[in-house]
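Chemist: Respectively, the protein sequence lines represent chains S and X. In this text, residue positions in the first sequence follow the numbering used here: the first is 1248, and each later residue adds one. In this text, residue positions in the second sequence follow the numbering used here: the first is 81, and each later residue adds one.
Calculated directly from the structure, the hints in this document are not laboratory data. Each hint should be verified, as a subset may be incorrect.
Said to hold, decoys possible - Derived DMTMM-like pairs: lysine to aspartate or glutamate, alpha-carbon spacing no greater than 20 Å straight-line:
{"hint": "1", "chain 1": "S", "residue 1": "1516", "chain 2": "X", "residue 2": "384"}
{"hint": "2", "chain 1": "S", "residue 1": "1564", "chain 2": "X", "residue 2": "347"}
{"hint": "3", "chain 1": "S", "residue 1": "1420", "chain 2": "S", "residue 2": "1471"}
{"hint": "4", "chain 1": "S", "residue 1": "1568", "chain 2": "X", "residue 2": "112"}
{"hint": "5", "chain 1": "X", "residue 1": "308", "chain 2": "X", "residue 2": "355"}
{"hint": "6", "chain 1": "S", "residue 1": "1516", "chain 2": "X", "residue 2": "112"}
{"hint": "7", "chain 1": "X", "residue 1": "497", "chain 2": "X", "residue 2": "384"}
{"hint": "8", "chain 1": "X", "residue 1": "502", "chain 2": "X", "residue 2": "279"}
{"hint": "9", "chain 1": "X", "residue 1": "308", "chain 2": "X", "residue 2": "347"}
{"hint": "10", "chain 1": "X", "residue 1": "116", "chain 2": "S", "residue 2": "1437"}
{"hint": "11", "chain 1": "X", "residue 1": "100", "chain 2": "S", "residue 2": "1408"}
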Amino acid sequence: MSDLFVIGAGLSGLMAAYTAARAGLRVQVVTKGLGSMHWAAGTVDVMGYTPEELSRPVQRPLEAIQALAHSHPEHPYVLLGSHQVQVALEEFTALMAELGLPYGGAGGFGALAHSTSGDNLLLPSAVGALRPAFLAPSAQLAGDMARPEPLLIVGFTGLRDFYPELIAENLAKQGFQARAAFLPLSLLTEQADRNNVHLAQALDLQARRLKLGGELKRLARAGERIGLPALLGLDDHAAALADLSAAAGAPIFEIPTLPPSVPGMRLYKALRARLWRMGVRIDVGLEGIGANVIAANGTAGRVQWVETATTTSRPLKHRAKAYLLATGGILGGGFDSDHTGRIWETVFDLPLTIPQARHQWFRPAFMDPAGHPVFNGGVAVNAAMQPVGADGQVLYANLWAAGGALAGADPIQQHSLEGLAIATGWAAGQAIVRALAQ
Amino acid sequence: MPMHTQSWESVGPSLDECIKCNICTSYCPVAEVTDKFHGPKYSGPQAQRFRENGQPQSPDHSVDYCSGCRVCNEVCPTGVRIAEINARARAQAAAEHGIPLRNRLLGRSDMLGKLGMIAPGLANWGMRQGFARSIAEGVLGISKHAQMPTWSREGTFASWLKRSAPNRLRSERKVVYYHGCSTMYYEPYVGKAAMAVFEHNGFEVVVPEQGCCGLPLLNNAEFPAAEKYHHHNLEWLTPYARQGYQIVGTSTSCTLTLKEEAPDMLDIHTPEARDLALAVWDIFEWLRELHAQGQMKTDFQPIDMVLPYHPPCQYRAHHIGSPVMDILPLIPGLDVRESHARCCGGAGTYVYKKEKYQIAMDVGQELFTWVDEQRPVTMTACTSETCRWHIESATKLPCRHPIEVLAAAYGLYDLEKRKLTKE
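So that you can see chain X by itself, here it is in the shape it has in the complex (with noise of 0.2 Å):
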């Protein structure tokens, strides 16, 4: 068995805290649509008393079925961190049990992501095939009736910063744009709406070797495999951190698991990885700072439309309040209306799986039913990657990340095309 998954040192203290109010099953959206969970405070800090001292066997397995949402963590009055302990105990039951296939293959964005990019039209036709996709629920237990990302057509993110190399803006100040998987093979125009805010407010922008951030490993339980990827990724990027840039993300789980999941999960508390996590931010958590400093350029175009906007619950998991919510409004004209639903059910790669599709449909009702209630809309915004398109096939409504709004407000983007005005 691996070490790491046998060592509770992160969580272990926050586990005493924990006064059986029941607060957290309460709130959890995954225990309120199904008995298959039991929820979080039997599945996280009771069953751990019989997962530690060498237990044998870990005693409840429903704790596969949670969604990993951190709804138990923020509503807990103690601050014991459940959500923690259960990814530690999903990752104790596959190093008890072994991963399948499936799991293994959704870990992986960053392969997947390239494997499309061989032929992403082909890639694309293929995910959109019924009888492909009824193979692939049959052998693999993918749910045929998720909504596949789909890859890009024009190219990667990096072949696009390489081609419009000449036209970056050079400048004194610098920071750091650490774009993930999704950017890279399936989203690259969100990559070029933070790059056109960067270099509007007059950044020049780093893009440095990176790699995956290892949370799709990490919620799928591979911690072994993530391990290697966030050693990576502190050998690529902590020398930028030592220099004193700033290390900017548009994906909110990306850098949430930077600054504390991958650190904390894989018990590397080392001087590296803490100068990592301090180094890096939100895209809109910067711009917020940028913005009470007076730095911020607010020359927007009015844009004219109601936006509603969920917070993912893995951006309420970074602790930094709604700073997409302080930004946003001050675009005239937009009506930003902020979702209080508590998760949109996808989360990650929970939504794929077979056994778990109607679930993740039945947790994300709460949002999708609010933003239905906000129509007349034409779009609706989220800053997770994955929800988006979680919530895009819920709602019928394209959803946008928040980045691109702003992008489209300074004139630089064309929201609905989702292209930089001058390309």
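Extracted from the complex, chain S is given alone in its bound form (with noise of 0.2 Å):
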């Protein structure tokens, strides 16, 4: 028997079992597939639009958290305050240069308190179009639009859904300084039909990207700052970007490419060696299907046990002794549906705040800026991330939430998916490690 159970591991659920093990918990963790990280860009969004400023991307991210106080009681972000966003942030990043995946901001690296300046970097997407985030890994930080260097934007001939030449033009348009080029795959590999991942493992041998760094540096004109499709290196990437920006002579960075994420992966990779090497268990294709709980009767329930499915109809029993939900939303597989409109959390059918008549789901424009109840509804915690009823009592005494699932927010219109992941998991780590110690 564990003594937390992590369902899901996307960042919240990762961050949780991370906070939960090194207090010194055993920890296992399931998860139906991998996802999240694999589809996301592998930076971290705290705070990039607000609901009332959706046409502007917001420039202090820390401070939007704050304001949303007043608007927004219910987001987590205000659930937990942005002092304890900030430090779960610290821990992240403190974390992620421990592991040799450095993550900074707009001011640089180190102790968050000093490497940002607060400012969200601006960085250039797979189209051209710009992208705030509070945290970059270190191959993304010289892509900031902050930043004066002219860009030359290096894409590979043969390589799918990665178009130097359309990103160039963006940039452009958008008053930015770009130009665009083109070289040969066969640089990088020679069989045919490989993916960014394959590509980006082509990169960990040195000969290889000493050979595009090359090829690179008689591209570059003096002054410019170069972005290649983010594939440079898996699992020797540092080596592999201080290769490349030696051998370029120029500052290099990554542009994030369609699914699978490279950046994403290498961070996934990252957090599941650390929680390997604090014997934390991590079964892949492990599905919760459903849970045993004592029924709340006045006071708070309990969860007896988890159940994930099988290939019979025998379904496996987990026992622990707290239970973390961090199985994401409707993306994320968290929440499912039928075409009733009934909506539902897959594991323990706990209540959400989302309609439950489909008509309900949406607004009538697309791009309403109070966003789509479907997408704001989760499920409502209190502010140790514990599940809450619609009277904000507790439901199951040993239940925490983190993650996409959870109620008050819209990760997906306000840029804020890989934060909340973070600061709502690290504080689900925390308050059950002292609910444990009790």
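Build the complex: two chains, separate frames, hints provided.
Modeler: Right under this line is the structure:
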């Protein structure tokens, strides 16, 4: 039996698992499959847009979080308070520095308080739009559009879904000095039909990246920085980045590609390796399908066990002292729905703040600044990240929740997915450690 | 064309869950080392769109290079049954183009087992001869480098059962043992170790008539023959399931086939098949349950060694977590280390095929390197027989079934000599 049983291996689940395991708890993580980080850009978006101002990105996200207190009291950031969010982000940056995949902000690296100016980075996307992100892996930092250098965007002929001309043209339209160039894909591989991850693995070999670096040096004009698709090494990424920058003689940065996201996969693999070293078991392929609970009866109930699906109809029971729901929302598979508009949480059947009628899921305007109820709703929690009922009472004494499943935020619209995951995962982990110590 | 190759009943709905995220291709151990296989997404959900509705030709022949390890299913965030789609596509291609003699041979592990047991010494000797293997490679396409299993020199498991019948434990508590072909013809000692563990825990073991589970046939695209095998097992084993027996197996791939593969691939969703599937247990899954009820004996003798353990991909496909890692660490002194390698590369009969041997070795490198890092070690452990043989040949270290380790910890079994202490 473990102390903490985490359902979901996204950023919130792994952050909670790390927090609890570091405090000496025995932790087990199960996940239906791999997702979230593999789909995202590998950056830490804390608050990119506020519901009040969707046309302009947030400049200072931690201040924007403070402002939420009045307008969105139910937002998980508000429940935690901006100081807690900042502490969680500091824990994350310290962890990533230790793991050799350092994350920095607009002001650089190091302890968060000293490193970032408090400003969001503005990073070019794969179509040349600008994405606000608070923290990014070192490989993306030179892409910050606050920097003055002109940009050279380099793609590879035959590489799908990365078009340097499109990126450069869109950047130029926004007033930046940018141009595009192509290199042959054969610089990276002799094999046909490789995806981004395979190409990244090709650049784990030093000879290849030195060759590529030489070609980049030939292409770049003095003073330019070079943007490349995010495939600069997978397991030997830090060395790949250093070698390439040195050989090219110019600052190099990665532009996240369409999934699978190599920066996201690096993040997942780094966290996973750290958890393995702490003895945390991560079972991939185990899908939470239900739980046995002692129902609340005036006081909080208790979760007795969680069930995961097996190949037979004999579900597997998992018993632990504490349980963390980190299965995400609709995208992550934490919620499911049917054609009538009924929508439910898939493991504990927790109450959701989402309307149970399909016509109430969406507002008429696609880009409505108020967002859509179906994305804004979820599992309501208290300040300790414990799911609560409509009356605000804790439902189960040994259950916590974190990440995309939480109510009160629309992380896609607000560009806050990773910030929410890190802050609520860390906070839930801390709360669980405290609860089990009693 | 046989009917079942056109039916996509068990995989069809899951196909629509594919969001084209490519996570499967990113983790596929085969696509990583060769471009002969385009990866699970292309061969699976993508190509599948062209296989339906009576399309005349299977569009993607690279699917033949899928090893069937199921890593794609495991990492898929939305539950697409990619490996099953690929297995059915291989069967469809076989129906269109025919099945090579080699694959027909490799699919029949029971027949090969029986043939070799006519003169096991001679058969094993023949398998070691370079000229014989060169001929086998030239004529049949069986890789001359792949290590073949060795036929048992001590008779079959059944002959031992017969000899040792008077010594069997009689008890109110009974369990059915499914040994499979490898225990029968190649590794009877695995079966002996399992019997010893069952009996030590107070269970009388019933070993009813049973046949090959049919997995090698499914892997080699011979669905009609596999169907015949599965119907025999239903006939022989379902009555025990219905009497409330638990049917416990030592081969992870056999038990997976009885639980899921055969019914799903062959569309045999009868009450008989369901009752059998529900009664089948992997032996460590079963022991973990016994332990959870406080009924598993833990009178272990210490085993002081480091044991690298590889949970085969077939094992992970059971979705039962890692029961070996719930039980073996109970043995004092034993430092069990679980491998996180995706696949040993062997993938059943895959490694025996000339054109796939090198791929199998390249896929396994992740595991072999990890084992190397655990040295000094004297042996490794793995729950699947073909994986054990492949890991042994690549690492040059003996590879044991974890049940042999458990039997040894009970003091009932000699891990080195692979025999019962009272034999």
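Chemist: For each hint, tell me whether it holds in the structure or not.
Modeler: Hints and how they fare:
1. Between residue 1516(S) and residue 384(X) the alpha-carbon distance is near 32 Å, which puts this suggested pair outside the 20 Å criterion.
2. The straight-line distance between the Cα atoms of residue 1564(S) and residue 347(X) is roughly 28 Å, outside the 20 Å bound, and the hint therefore fails.
3. A C-alpha spacing of about 18 Å is found between residue 1420(S) and residue 1471(S), which places the hinted pair at or below 20 Å, so the restraint holds.
4. Annotation: proposed proximity of residue 1568(S) to residue 112(X) is violated, straight-line Cα distance about 40 Å (limit 20 Å).
5. In summary, the hint linking residue 308(X) to residue 355(X) is supported, as the alpha carbons are separated by about 18 Å, within the 20 Å threshold.
6. Proximity of residue 1516(S) to residue 112(X) is assessed by CA-CA distance (about 17 Å); at most 20 Å being required, the pair is judged to hold.
7. For the proposed pair residue 497(X) and residue 384(X), the alpha carbon gap of about 17 Å is at most 20 Å, so the pair holds.
8. About 14 Å separates the Cα atoms of residue 502(X) and residue 279(X), which keeps this hinted pair within 20 Å; it holds.
9. Between residue 308(X) and residue 347(X), the direct Cα distance comes to roughly 13 Å. Compliance with the 20 Å bound is thereby established for this hinted pair.
10. Taking the CA atoms of residue 116(X) and residue 1437(S), the gap is near 13 Å; set against the 20 Å cutoff, the hint holds.
11. Simply put, residue 100(X) and residue 1408(S) have alpha-carbon atoms about 13 Å apart, close enough for the 20 Å limit, and the pair holds.
Hint compliance for this structure: hints 1, 2 and 4 are not met, and every other hint is.
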